[in-house]
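Taking the hints into account, I'd like the entire structure generated from these sequences.
Residue numbers (the numbering used here), protein chains in the order written: chain A, 1 to 131; chain L, 1 to 404.
Since the hints were made in silico from the structure, they are not lab data. No incorrect hints appear here.
To spell it out: a stretch of chain L is covered by chain A in this simulated footprint if at least three of its residues, at any positions, have a beta carbon under 8 Å from a beta carbon of chain A; those stretches are:
1. 258-268
2. 298-311
Interface residues of chain A toward chain L, partial, derived using beta-carbon atoms under 8 Å:
3. Val46
4. Gly47
5. Arg48
6. Ala49
7. Gly50
8. Thr51
9. Tyr52
10. Gln53
11. Val54
Please read all numbers here as calculations on a predicted model, not as lab measurements. Where is the CB? At the ideal position from N, CA and C, for every residue including glycine.
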Amino acid sequence: MLKKIEAIIREDKVNDVKDALMDIGIVGLNIFEIRGHGRQGGIRLVGRAGTYQVDMLPKIQVNIILSEHNMEETIQTIRKAACTGEPGDGLIFVYPVEEVIRIRTGERGQDAVMYPGDIDEKRGRGKAKDS
Amino acid sequence: MNSGDTAWMLVSCALVLLMTPALALFYGGMVRRKNVLSTLTLSYIFMALIGVQWLLYGYSLAFGTDIGGLIGGLNFAGFNGVDALPNDDYSKTIPHSLFAAFQMMFAVITPALITGAFVERVNFKSFLLFSLLWATLVYDPLCHWVWGQGGWLKQLGVLDFAGGTVVHIAAGFSALAFALVIGPRKGYGKAPMEPHSIPLTVLGAGLLWVGWFGFNAGSALAANGVAVNALLTTNTSAATAGLVWMMLSWLDGRPSTLGIATGMVVGLAAVTPASGFVTPLAAMVIGAVAAPLSYYTMRFRDRRKLDESLDVWACHGIASSWGTIATGLFATVAVNSDGANGLFFGNPKQIGIQLLAVAVTMIFSFVVTYVVAKLLDWSIGLRVTAIEEEVGLDISSHGERSYS
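Listed below in structure tokens is the structure:
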């Protein structure tokens, strides 16, 4: 079973999260630069004369497709790396994924999300075929 | 004819021309990313539009043979008789054509200043028509009153070295009138309308400062001590107003970059009428007072929910009103023997003349602009449609994108 993790995190935490994920062997990911707000609300910026409120703040959305058995470890890794304890740390969403197809090889499912040196190889759960 | 003067005035011409693209950048950085090209064009187009208007008849209306102190005749239309020889009235040591070219650059940038009032929503066709009418009905007559031989304010002895009344008060109060007619941008006051690129604005402000040396020091029309004094007063007022604005911004939170750049421009606008008549130390006072005046005018305007979008009224209208009045306080013939003394040098009469000129310019430019804008609004409409405004004027008016 494949899952998609969408983690919305602080801009300044993107490198910490990426490094922590690489450490545990989450190799494939991509990010969106997004804007939004949750409980944090917004911040006041200084304008020409006085300040103004901005309610849509820049955030980073990290997208990862992975096997279900790696999900909990990945979620905990992201939480640990992205947490400051202040409002605005973000949210993690998990969705089921119908199918994944690697364009180059035509591999499908779990095979399509395995990479050389990834989390499954590190944990002895298999090896990417094209390594 | 003096070749030193001529050389300096050729350079000044180029410096003042630079101010229009500089203004385009200054304004262009402060709008949202969907209206950048539109905003740049609103300024830029004047190099073309007035470049033609001034040559055809604008210069003649402003500097042609006086008719009743109110307007120039058409004797210089098409630059007829505006030749390479000096002119006794305007340019004793440089070619008359060079004086006319220098004045053209002023006529180009002044209507461009007004565009800050109506960015992000003005219909380009109506804007072009308004601009031509404004140059003809406001700028050319006002320029004649203050600087034209026989102009009635000049006869009264008003001191306006480089265009506090003609350029900055006129632009500022016209901006206010136009903003009242066209109304606010869609969503103004509900969502913040953030400047999309403060670096562009900072670059624009810097280039404006450079160009202003030509604007003010060039207004001496000679490479002499008055020109150097004007350069120094210009620099001093911009520097002081920049520092004071920084402190005001700091007191309200942080020393904002946009605020510091704005303060510098406010200092430049304020000292313009005074630059060739006051000492650098007086220019420091002019800049220091201009900053809070403009700063709190902006706050007042914002609280009133009046969308005079880029604060032309606060930056140019208010700052230069103060500068023109201050000229009546600080002017001294020790700086410029062709000038006059102000109140602090024993001539209380000058302050009355200055106040009159300020009031006349405010009322004249406001009323004519209001009427012209209202007529255009009733006939062909001033605004783009709501959907065009939502999409942004870069695409809806010009069919282009700033950033692809």
